[in-house]
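Here is how the chains run, residue by residue.
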Amino acid sequence: MGYIFSREIDNNIIPQKVQNLVIRDYAQRNKMNLLLSSTEYKMKNSYLMFDSLVNKKNTKFSGLIIYSLFMLKEYKDLKKIFNNLKKNNIRLFCALEEIELNNLNDSKYLKDTFFINRNNKNEKK
Amino acid sequence: MNSSKKIAQGYLFLKPFNRVYLPTNIQNIIIKNYCEQNDLLLKLSVNEHNIKNCWMELFSLLKKKDTDIIVMMSIYMLPDNKKDFIKFCKSLKKNEKHFVFVFENLKIKNINELKNKMNKFKLFKELNKFI
Amino acid sequence: MKKNKVEQDFIKNGFIISKIENKKNFLKIEKKIYLIIKKFINYKKKSTEKYLFNNIHKYLDNKKLNNLRLTIYKKLNSDYEFYKTYFSLAAKTIEKLVGTEIAAQNKINFSIQMPNDNSSKLEMHADSLSGESKFQVVLWVPLTNVFKTKSMYVFDKNFSKKTIEKLDKYKYDGMDKIYNKHKNKKKFISVKRGEFLLFSPNLLHGNVTNLTNETRISMNSRFKNLFSTYSNKSQFGKRIGYFYVPLTIKPATQFALNFNIPDEF
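Chains as they are written, first to last, in our numbering: chain A, 33 to 157; chain B, 140 to 270; chain C, 8 to 272.
It should be emphasised that the hints constitute simulated quantities derived from the structure, not laboratory data.
Source: prediction; values computed, not measured.
It is possible that part of the hints are untrue.
[As the list claims (entries may be wrong)] Below, a list of computed lysine-lysine pairs in the DSS-like style, where the Cα atoms sit at most 30 Å apart:
1. Lys257/C - Lys236/B
2. Lys154/B - Lys128/C
3. Lys178/C - Lys128/C
4. Lys81/C - Lys140/A
5. Lys176/C - Lys63/A
6. Lys176/C - Lys203/B
7. Lys229/B - Lys202/B
8. Lys51/C - Lys39/C
9. Lys203/B - Lys178/C
10. Lys35/C - Lys63/A
11. Lys173/C - Lys229/B
12. Lys119/A - Lys105/A
13. Lys226/B - Lys169/C
14. Lys256/B - Lys49/A
15. Lys38/C - Lys71/C
16. Lys232/B - Lys188/C
17. Lys171/B - Lys82/C
18. Lys221/B - Lys169/C
19. Lys182/B - Lys65/C
20. Lys191/B - Lys188/C
21. Lys193/C - Lys203/B
Using the sequences and the accompanying hints, generate a full structural model.
As structure tokens, then:
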């Protein structure tokens with residue numbers, strides 16, 4: 033299953049069809065069967081769609097491909113994501129960065145990445 | 140068999156265009172996808188330099204004899220100041236290339252068509268500031 | 008090499024060549040690539056890695072070259088920590104040049120240049136012109152001896168500096184005009200198997216059609232100080248997460264990660 037944003041990603045507009053193309057390309061290269069993508073709501077900090085995909089067991093898909101790990105930048109509790117992924121047996125892939133995020137160590141990796149990026153941007157002001 | 144296919148070359152832009160910034164590998168995926176769907180032979184894409192008001196590699200691409208079509212994401216990647224745009228048009232007139240702008244779904248075959256579309260999309264850009 | 012010679016040479020020339028620091032990891036990578044290539048081209052004879060790497064062009068059609076390169080790229084980078092293995096090939100030297108808190112490019116690139124093949128030609132460029140940080144170093148490791156047209160070339164520090172500063176002179180012409188005018192100034196870098204090249208991507212560099220009768224396979228990746236700027240402007244593309252990953256974070260930084268100091272009330 034794909035997951036795309038209808039709002040900006042890290043202050044950047046990425047057209048939805050571009051996000052879809054990147055996800056589809058990643059799925060093809062990694063020999064995954066891709067269902068249609070889910071689109072997150074436009075509201076700031078909304079993860080309603082994302083939560084509905086990872087918070088419960090699903091027979092239709094076993095993996096979620098999101099366009100970029102930076103879509104999770106505003107997610108309040110990163111550890112909760114990985115606990116849910118494990119509980120519901122869902123794998124999480126980031127198409128742009130070409131990585132899989134699958135355990136609690138990765139929540140720390142995300143936190144470090146967001147911190148360093150934010151720090152780097154602040155120094156440019 | 141391949142000699143009947145037109146030869147396309149991608150042009151990758153590292154700066155934002157009309158508020159969109161796309162990593163170059165994403166631009167490559169889009170260009171490759173377009174060429175496959177339109178039966179074009181794709182050569183290795185060219186990266187523009189990450190310098191403001193620099194279209195150096197675009198000018199170089201115009202002069203390449205073995206490229207028929209230049210494929211890029213958007214018409215907004217072209218020179219956006221009068222001086223550079225005039226130079227660009229002069230070079231295009233001499234070298235007769237076709238252009239594809241994927242986002243706007245445009246296929247441009249001559250300079251007059253390009254000038255018309257440029258004016259049209261400039262207007263859209265201005266209008267979008269107010270709507 | 009003497010303790011400060013590495014730093015001095017790098018500051019003077021913008022590049023250094025030295026022996027691989029972790030021979031065990033180098034041999035592991037070499038073996039892995041050898042087996043991938045053997046399987047891809049269905050090579051059943053007994054041979055050394057050296058023979059196969061130098062002579063792939065005898066067993067592989069040009070049209071399949073990019074598929075082979077992507078296969079090697081995908082298989083090696085499927086180990087998400089492969090960048091750490093690659094870093095170990097020159098870890099101490101990289102630390103001397105960029106510091107001990109390091110960001111690494113998240114994928115290792117592979118390049119295969121067969122004799123007389125134009126498709127792998129890389130025109131003269133400087134990575135810092137393409138949105139990559141000017142503060143990084145490129146670690147370039149060939150799997151066989153490379154020399155002359157089998158290798159890459161660089162232009163020296165002074166020429167690179169002057170050319171980049173006056174680039175607007177060629178605004179309507181392109182880099183190939185600069186190259187054609189000054190190509191006699193380029194220098195091919197000779198590197199032996201078991202050595203690495205570390206260079207600044209501010210040096211103008213590239214490669215030409217390989218006119219030798221041996222194929223070149225090489226790997227390359229980028230390393231920079233974690234907190235040096237990621238490009239002239241902060242952009243979505245080449246920064247931590249998408250292009251780079253944090254490789255080493257020291258305790259002070261690690262500790263600071265726990266604190267969210269407010270920007271405003």
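Going down the list of hints, with the structure as the test:
{"no.": "1", "hint": "Lys257/C - Lys236/B", "result": "violated, 53 Å"}
{"no.": "2", "hint": "Lys154/B - Lys128/C", "result": "holds, 25 Å"}
{"no.": "3", "hint": "Lys178/C - Lys128/C", "result": "holds, 23 Å"}
{"no.": "4", "hint": "Lys81/C - Lys140/A", "result": "holds, 25 Å"}
{"no.": "5", "hint": "Lys176/C - Lys63/A", "result": "violated, 48 Å"}
{"no.": "6", "hint": "Lys176/C - Lys203/B", "result": "holds, 20 Å"}
{"no.": "7", "hint": "Lys229/B - Lys202/B", "result": "holds, 12 Å"}
{"no.": "8", "hint": "Lys51/C - Lys39/C", "result": "holds, 16 Å"}
{"no.": "9", "hint": "Lys203/B - Lys178/C", "result": "holds, 16 Å"}
{"no.": "10", "hint": "Lys35/C - Lys63/A", "result": "holds, 27 Å"}
{"no.": "11", "hint": "Lys173/C - Lys229/B", "result": "holds, 23 Å"}
{"no.": "12", "hint": "Lys119/A - Lys105/A", "result": "holds, 22 Å"}
{"no.": "13", "hint": "Lys226/B - Lys169/C", "result": "holds, 25 Å"}
{"no.": "14", "hint": "Lys256/B - Lys49/A", "result": "holds, 23 Å"}
{"no.": "15", "hint": "Lys38/C - Lys71/C", "result": "holds, 21 Å"}
{"no.": "16", "hint": "Lys232/B - Lys188/C", "result": "holds, 25 Å"}
{"no.": "17", "hint": "Lys171/B - Lys82/C", "result": "holds, 22 Å"}
{"no.": "18", "hint": "Lys221/B - Lys169/C", "result": "holds, 28 Å"}
{"no.": "19", "hint": "Lys182/B - Lys65/C", "result": "holds, 24 Å"}
{"no.": "20", "hint": "Lys191/B - Lys188/C", "result": "holds, 25 Å"}
{"no.": "21", "hint": "Lys193/C - Lys203/B", "result": "holds, 23 Å"}
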